[in-house]
Amino acid sequence: MARKPQDFKTPVHNNWCPGCGDFGILNAVQMALAELDLEPHRVVIFSGIGCSGKTPHYINTYGIHTLHGRVLPYATGAKLANPDLTVIAVGGDGDGLGIGAGHFVNAGRRNLDITYILHNNGVYGLTKGQASPTLKLGVQTKSLPQPNINQGVNPLFLALAAGYTFIARSYAYDTRHLVTIIKQAIAHNGSAFIDVLQPCPTYNDINTREWYSGEDRKDPQTGRAIPRVYKVEEQGYDPLIKPGMSDAEIAAKLTRFIEKALEWGERIPLGILLKNETVPSYEERILERIPFYRETPPARQRISDAQGRPTLDLAKLLEELKVT
Amino acid sequence: MHRKNSLAWLIGGAQGSGVDSAANLFAKACAFGGLYVYGQREYYSNIMGEHSYYQVTVSDRPVRSVRSYTDILVSADAETVFLHALEVKPGGAILYDPKLAETPLSKVAALEHRAREDIHSYLQARGLPETMSGMLHDAQARGIQLYPVPYDELLHQMMGEKAPQLAQAKRIANAMAVAASCALVGYDIKLLERALEDIFFGKKKVIELNLRACELAYEYIGKHFARDFPITLEPIVANESRIYVTGYQATALGKLTAGCSMQTYYPISPATDESVYLEAHQIFERRGEQGAIVVVQVEDEIAAITMATGAALAGARAATSTSGPGFSLMVEGLGWAGINEVPVVITLYQRGSPSTGMPTRHEQGDLRFVLHAGHGEFPRIVLASGDLEECFYDAIRAFNYAERYQLPVIHLLDKSLASSSQTHPAFDPQRAHIDRGLLNSSAVGESYKRFAYTETGISPRTVLGTPGGIFWNTGDEHDELGHITEDPIERIRMMDKRAKKLEIAAREIPLSEKINIFGDPASELIILSWGSPKGAILDALEALWAEKRSVCFVQCRLLSPLPSDDLRKLLERAKRRVCIENNYSGQFAGLVREQTGIAMDHLIVKFNGRPITMDEVYQSVKEILLGTAPRRMVLTHGA
Ligand SMILES: Cc1ncc(C[n+]2csc(CCOP(=O)(O)OP(=O)(O)O)c2C)c(N)n1
Ligand SMILES: [Mg+2]
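Chains A and B supply the protein sequences, listed in that same order. Numbering of the first sequence is given in our numbering, commencing with residue 107 and proceeding in unit increments. Numbering of the second sequence is given in our numbering, commencing with residue 35 and proceeding in unit increments.
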């Protein structure tokens, strides 16, 4: 019996603003989990703080709503302790690239098998619309008393530099596209990062739904809007870096990635931009040190017997300290 | 006056020149001979060149602290003589390299300004030259014996042109100084040989080289000096299996015994050693299978506590280890673990503070901080160990408390514990018990509520991945399922529920795990303390009791929830009370006054970055007994 998105819903009252992009992301996560037919108790959704941080409460899996900026280390801890869990981290752009930027970079270095979905709305939603780290220089969204004085960080570049081995971008209002991306991110063995463009109807009056779909630039012939977002896969873009490729081939792939990551404004690429299969996952690195890590990871160590006595052979460890 | 098997020994030299290894060698040689040993390391926040020293107390009875004086001073450089000569007791000895004797004070570059000024005034006042030999002359005049040992010459004799250069020669010279010390006290060189074999295990050439050099130094003392040193050391029979263990190792071994399977850390003195030790011992034997701990060096202490918390949610016994600056960063994560009732253990090695303070020096300045760290109110358990045995067993208890009461536990230690080494009966895992609390590991059912209201406030817990055990967590206030709520009534219930757990803990935890009492509480004077001063107090107590002084020592181990009723009962009966602690303001004395209404008659504090010595306790307590002590006494010993 296949699962349905409905199975991943909770009765919790949803208090996002009407039309919020978070709804699209939430639906896509629920659909992806259903389509992958994952058992709810094997899945954990972690979130940071922000409007996006409420996501886990609406999903019927284990749901851990953590601290502002700290979603990745919490998620990492759980996955390391029990690698059988499917771990998905979600959070705002302020959460992940502002206060949590250090964790974003260091999670990439590990390449642990988790999926990180960034709700990129250009603003600090829950605190009423201040500029987020992805908002471009000089842009003045609704709540800003002055135009943004900082440059926007490019999440795709940062993810590449940090070492994420799966880097994708999707769009909150293209649920179908997002579902396929999330499914592939979960299937990817390593750290997967999805930058989800998410209009904030309340505070971001610049990068709106209409802006992304190009309502302001109609084809003079057909009168139809020319969307800014487009899909790289439709252009034959191939994100795969696999073992055995030459350095030149890899360099060519990365160059293409950079070209795509630089596009913004008139044309905004969506899709999987990088899938690197040449980097060992963190689990594989631990396995080199602890060969039985998979069978008895930290959460499944048999630490005591039925009587509550420790199972550790302490005498052996004391041997090197022994003096009489 | 001849004295057998009781010795205070100190070696000093530049950091990175092998002072620690030499001290370890001496300590182990003594320990192999069945003697009791306590060692304490002092060092700068520096890699190379600054002054470091190592004190070793040896006895045929258990020893637990350092002394204010030393019987034998081993100097690997001139700075050591300048800084420590005045600590040598009349009748004691200074071992030194004669080629350094004319080193002027002005050439000792690393000396702190204040120390230089003091030494300058001291020598000037006595009309002595401002050189190392000026210091040595003064020592001799005070009845201290001088033992110049020409290490280089001896090495040359032994190896000719092949004698090692500089760094290595220095290290060998330090080993030779240990051998010379053994010769002075007539200690069997065979035991030194055993210590060399133990320390350089498997490195045959190194052992051989050091051994030959040591033999030469040993013989040199016999040949060139009269055998009249008043202290002798002799091996004794130890009727028990004993280890020589360092504080961070004891804590790490406790964690492993407790089943801690994940530790996160960000490097910081003096906590790092523990994590490094764990990683070096990441695979071990469990009954019938192999076990492991995953040690993760993370990007900062915020990640350290949050990652450990994530692991705890998944069911691992998880911990992180840090010091003051790191704990400061962990505070928001502590509150999150509090409101979500996650069993996570934080091992906090206090050090000289605030800010980076004195990174490698000792202090107990974080008591008030750990009790209150975090915004808002949530229960936590704080336990403080007083010695290495407690480091081990308390580390196990910390996890039991954490899981039984589902809250963060702070195991409060300090630099003095971390860097002290001690001979100790081998830790006994049979004395340890693992209590995982109310933990559902199999299917629970559709209506599972992670934060269900119960009599005790403790709700049966599931871990991530448990079928039917789905729950939600949030740092927001939440309902029984773990979903956000701002309902005023639900808020009261949840606050009550969490607070209740601490009341239960206070009731359930046996008195023996809260307080240690040494002596008769009906004594003239009660000494109150917590944490690492325990060793110096116990050592001083033995001396005071030997003089039939009426003194009792109450050591508080559980600091949250504080056993205030028990403390009040004990303190009420005392005629006089003194609190001893390694901080400025007497944080514990203040806490006890706040929670029991009882004020201390005296406060003995020390905050110069150095641990309290036995002699400091002995002297200040005696002053109190004689009625000559001020209310607040500040201890200052230590270079
Ligand atoms: C340590 C800390 N600082 C500040 C806040 C206040 N705060 C709550 S949400 C938020 C910003 C959220 O923005 P973002 O991460 O982009 O999420 P969004 O609401 O846009 O989904 C801030 C600053 C907090 N919760 N914690
Ligand atoms: Mg945002």
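I should point out that these hints are in silico values taken from the structure, not numbers from a laboratory. Certain hints may be false.
Claimed, not checked - Straight line, CA to CA, 25 Å or less: simulated BS3-like cross-link-like pairs of lysine-lysine:
| id | chain 1 | residue 1 | chain 2 | residue 2 |
| --- | --- | --- | --- | --- |
| 1 | B | K483 | A | K115 |
| 2 | B | K38 | B | K133 |
| 3 | B | K534 | B | K548 |
| 4 | A | K428 | B | K224 |
| 5 | A | K428 | B | K239 |
| 6 | B | K257 | B | K238 |
| 7 | A | K348 | A | K359 |
| 8 | B | K582 | B | K534 |
| 9 | B | K237 | A | K422 |
| 10 | A | K337 | A | K381 |
| 11 | B | K196 | B | K237 |
| 12 | A | K248 | A | K234 |
| 13 | B | K483 | B | K548 |
| 14 | A | K324 | A | K359 |
| 15 | A | K110 | A | K289 |
| 16 | A | K428 | B | K238 |
| 17 | B | K123 | A | K428 |
| 18 | B | K141 | A | K110 |
| 19 | A | K289 | A | K428 |
| 20 | B | K238 | A | K422 |
| 21 | B | K237 | B | K224 |
| 22 | A | K337 | A | K348 |
| 23 | B | K38 | B | K123 |
Said to hold, decoys possible - Some chain A residues flagged as far from chain B (calculated, every beta-carbon gap over 10 Å):
| id | residue |
| --- | --- |
| 24 | R176 |
| 25 | T182 |
| 26 | D419 |
From a predicted model like this one, the values you see are computed outputs, not experimental measurements. We put the beta carbon where it would ideally sit given N, CA and C, even for glycine.
Evaluated hints:
{"no.": "1", "hint": "B:K483 / A:K115", "result": "17 Å, holds"}
{"no.": "2", "hint": "B:K38 / B:K133", "result": "32 Å, violated"}
{"no.": "3", "hint": "B:K534 / B:K548", "result": "19 Å, holds"}
{"no.": "4", "hint": "A:K428 / B:K224", "result": "17 Å, holds"}
{"no.": "5", "hint": "A:K428 / B:K239", "result": "23 Å, holds"}
{"no.": "6", "hint": "B:K257 / B:K238", "result": "28 Å, violated"}
{"no.": "7", "hint": "A:K348 / A:K359", "result": "11 Å, holds"}
{"no.": "8", "hint": "B:K582 / B:K534", "result": "45 Å, violated"}
{"no.": "9", "hint": "B:K237 / A:K422", "result": "22 Å, holds"}
{"no.": "10", "hint": "A:K337 / A:K381", "result": "16 Å, holds"}
{"no.": "11", "hint": "B:K196 / B:K237", "result": "19 Å, holds"}
{"no.": "12", "hint": "A:K248 / A:K234", "result": "10 Å, holds"}
{"no.": "13", "hint": "B:K483 / B:K548", "result": "33 Å, violated"}
{"no.": "14", "hint": "A:K324 / A:K359", "result": "33 Å, violated"}
{"no.": "15", "hint": "A:K110 / A:K289", "result": "15 Å, holds"}
{"no.": "16", "hint": "A:K428 / B:K238", "result": "21 Å, holds"}
{"no.": "17", "hint": "B:K123 / A:K428", "result": "32 Å, violated"}
{"no.": "18", "hint": "B:K141 / A:K110", "result": "80 Å, violated"}
{"no.": "19", "hint": "A:K289 / A:K428", "result": "54 Å, violated"}
{"no.": "20", "hint": "B:K238 / A:K422", "result": "24 Å, holds"}
{"no.": "21", "hint": "B:K237 / B:K224", "result": "18 Å, holds"}
{"no.": "22", "hint": "A:K337 / A:K348", "result": "22 Å, holds"}
{"no.": "23", "hint": "B:K38 / B:K123", "result": "16 Å, holds"}
{"no.": "24", "hint": "R176", "result": "5 Å, violated"}
{"no.": "25", "hint": "T182", "result": "5 Å, violated"}
{"no.": "26", "hint": "D419", "result": "4 Å, violated"}
Figure legend: structure checked against the earlier numbered hints; hints not met, in rising order: 2, 6, 8, 13, 14, 17, 18, 19, 24, 25 and 26.
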